[in-house]
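We have chain A already, so just place chain B on it with the hints.
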Amino acid sequence: MTSLIAPPEASSLPPAPAGSIEERAVRAMLNCTARHGLAKTTVDDVAREAGCARATLYRYFGGKRELVRITVAHEAARIAADIRGAGDAESTLEDAVVAMSVRAARELGEHQALQFVFAFEPELALPHVTFDAGNRFLAGAGAALAPALTRFVTPERAERAGEWLARVVLTHALSPTSPIDLTDEAAARALVREFVLPGLVGDETAANISHAT
Amino acid sequence: MSIGVEPRERVLAATYACVARFGMGKTTVEDVVKESGVSRASIYRLFPGGKDQLLRETVGWEMNRFFASLAEAVYDAPDFASLLEGGLVFAHRSIQEHEVLRKVLDTEPERLLPLITVEQHRVLEFITAFLLPYLEREERAGRVRPGVDLQAAADYVARMILSLIGSPGRWDMDDPDQVHTLVREELLGGILV
Numbered sequence: 001m002t003s004l005i006a007p008p009e010a011s012s013l014p015p016a017p018a019g020s021i022e023e024r025a026v027r028a029m030l031n032c033t034a035r036h037g038l039a040k041t042t043v044d045d046v047a048r049e050a051g052c053a054r055a056t057l058y059r060y061f062g063g064k065r066e067l068v069r070i071t072v073a074h075e076a077a078r079i080a081a082d083i084r085g086a087g088d089a090e091s092t093l094e095d096a097v098v099a100m101s102v103r104a105a106r107e108l109g110e111h112q113a114l115q116f117v118f119a120f121e122p123e124l125a126l127p128h129v130t131f132d133a134g135n136r137f138l139a140g141a142g143a144a145l146a147p148a149l150t151r152f153v154t155p156e157r158a159e160r161a162g163e164w165l166a167r168v169v170l171t172h173a174l175s176p177t178s179p180i181d182l183t184d185e186a187a188a189r190a191l192v193r194e195f196v197l198p199g200l201v202g203d204e205t206a207a208n209i210s211h212a213t
Numbered sequence: 001m002s003i004g005v006e007p008r009e010r011v012l013a014a015t016y017a018c019v020a021r022f023g024m025g026k027t028t029v030e031d032v033v034k035e036s037g038v039s040r041a042s043i044y045r046l047f048p049g050g051k052d053q054l055l056r057e058t059v060g061w062e063m064n065r066f067f068a069s070l071a072e073a074v075y076d077a078p079d080f081a082s083l084l085e086g087g088l089v090f091a092h093r094s095i096q097e098h099e100v101l102r103k104v105l106d107t108e109p110e111r112l113l114p115l116i117t118v119e120q121h122r123v124l125e126f127i128t129a130f131l132l133p134y135l136e137r138e139e140r141a142g143r144v145r146p147g148v149d150l151q152a153a154a155d156y157v158a159r160m161i162l163s164l165i166g167s168p169g170r171w172d173m174d175d176p177d178q179v180h181t182l183v184r185e186e187l188l189g190g191i192l193v
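Going down the list, the sequences are from chains A and B.
Oh and the first sequence: position 79 is 79 in the working numbering, straight run, nothing missing.
Oh and the second sequence: position 83 is 83 in the working numbering, straight run, nothing missing.
Next comes chain B alone, as it looks inside the complex:
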């Protein structure tokens, strides 16, 4: 691990590497000590809850990274609908190609999914806050339906986006026409004119 990165970050990155190699159940604090080069005492000072807290915070850490890279991929989209279309396609592909996620979902879903659910509310807040300025821009351009509460709209879209990223259901995210219909009709039908 590189010198200069703060210990907390090094520990989380190391835990992630251990989970990728051994899985969530088999990863031990000892493994994380070896992988991170951070002492056992320091790890317990940073994460008093031990392994459980390490795993929970590592899931949150990776979810943050995932959604930060998603935000970076779409931030300069020309309008709200294009932002959502690009975001759904990017997120869907990233999830398909996320080897650690796929592996843990296959082998230890019962360990991973409750932690994702616990961390989900922070992701929702992040997506909602990220979307709001784009909706405000749409409103200034006169493209928001009259009477729509932007905060409520951002919350609704964030929840549906998060749901669609995990489970697209009937929608084929590899088909641009379908993503177009999904976003512009189903998702934004009540929000944009």
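So here's chain A without its partners, still in its complex pose:
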């Protein structure tokens, strides 16, 4: 990570209840975005929300663009770790994939800043998750989720499964017409068991099936 995310002064700051400057700035950026959207949020707004001086934010982040970039990176890492954690707590592949799907859908659904942007400023978010950028997003998400699956399948297949899982969640959770509510565990389990999992375990099962026929 860059020095912007972990500036050397951060460690010498008093242990404020809200954490380090960058944590406070990220939290404040998210709060402001959830209320007014990304376009209208200014560095001044974030400084006020974070309870720090505007000059401090400029010193740490340079400006709004970098503040947004770091907020996105921070949230992506936090959400990915959270989803991995949901998978790590389970003892079968099916349970892990179900738990990760549910957690991912809930993270997206309950993320007020993200929901505001997708509802009212889709032009700011969609260019990062569709077409060619969608490939980069899926590769990143796949790599981030894979470690929770390597207990059950080979590393190569875990990456493939991680990417497919990210695709399934993105496709269903962000579609207003999806018949499946992935935040509902029973619905997620039905989808995973019926359609997703047989595709993820792959070769072994596929080989068994072709032997059987």
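Please note: incorrect hints may appear among the correct ones.
What follows is a set of in silico ranges between Cβ atoms, one per label pair, in the way DEER data are often shown [what the hints assert, rightly or not]:
1. A:Arg151 - B:Gly49: 50 to 58 Å
2. B:Val29 - A:Arg193: 50 to 58 Å
3. B:Gly25 - A:Arg151: 44 to 52 Å
4. B:Val118 - A:His128: 16 to 24 Å
5. A:Phe120 - B:Glu108: 18 to 26 Å
6. A:Ala76 - B:His121: 20 to 28 Å
To be clear, the hints were calculated from the coordinates, so they are not data collected in a lab.
Glycine included, C-beta positions come from ideal geometry on N, C-alpha and C.
The following block gives chain B in isolation, referenced to the frame of chain A:
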């Protein structure tokens, strides 16, 4: 524009031509009047929302054309898996070669992508309805896994296909072996025996 084509179609085709030439932001209703030969008053009668509605409906119109040509390219595939393989390869190539899409994605993604997303649910319904009879044929041939709900399967496959067409991710759609594995293992592993 040819005489005899209904005005609505002429206006949409003209808007598309203007977007190809000027982009979405710079296209005006006046441009569409000139290009289509349809009067300004008639255009506003057909599209009361003016430029915004014209652009939105033109995106929907071109998406319909795209998926209709995709359906036509694959409709006589011998089975469901071949249908999906052929469809993914055809759609991927069409998107790569779609000059207007490429140009607008490069220059005005913020204008185009929200409209694609708005129109997407109709495309999903179209793909789902298109796929269902092929799945029913597979079921009659005894190739569908027991207990699979065909409507739910068609919806799942349609959503994943739409996602894969835009962003294939790790899959190389120019490699027939990869497309084969993608369709027969990952996509249909739970649906076909």
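Status of the hints after comparison with the structure:
1. Under the hint 50 to 58 Å, the C-beta atoms of A:Arg151 and B:Gly49, about 54 Å apart, fit the expected range.
2. Distance hint check: the CB atoms of B:Val29 and A:Arg193 are about 52 Å apart, consistent with the given range 50 to 58 Å.
3. A hinted range of 44 to 52 Å for the beta carbons of B:Gly25 and A:Arg151 is consistent with their spacing of about 51 Å.
4. Roughly 18 Å separates the CB atoms of B:Val118 and A:His128, a value that falls within the hinted 16 to 24 Å.
5. The hint said 18 to 26 Å for the Cβ distance between A:Phe120 and B:Glu108, and at roughly 19 Å that hint holds.
6. Look at A:Ala76 against B:His121: about 27 Å separates their beta carbons, and that is inside 20 to 28 Å.
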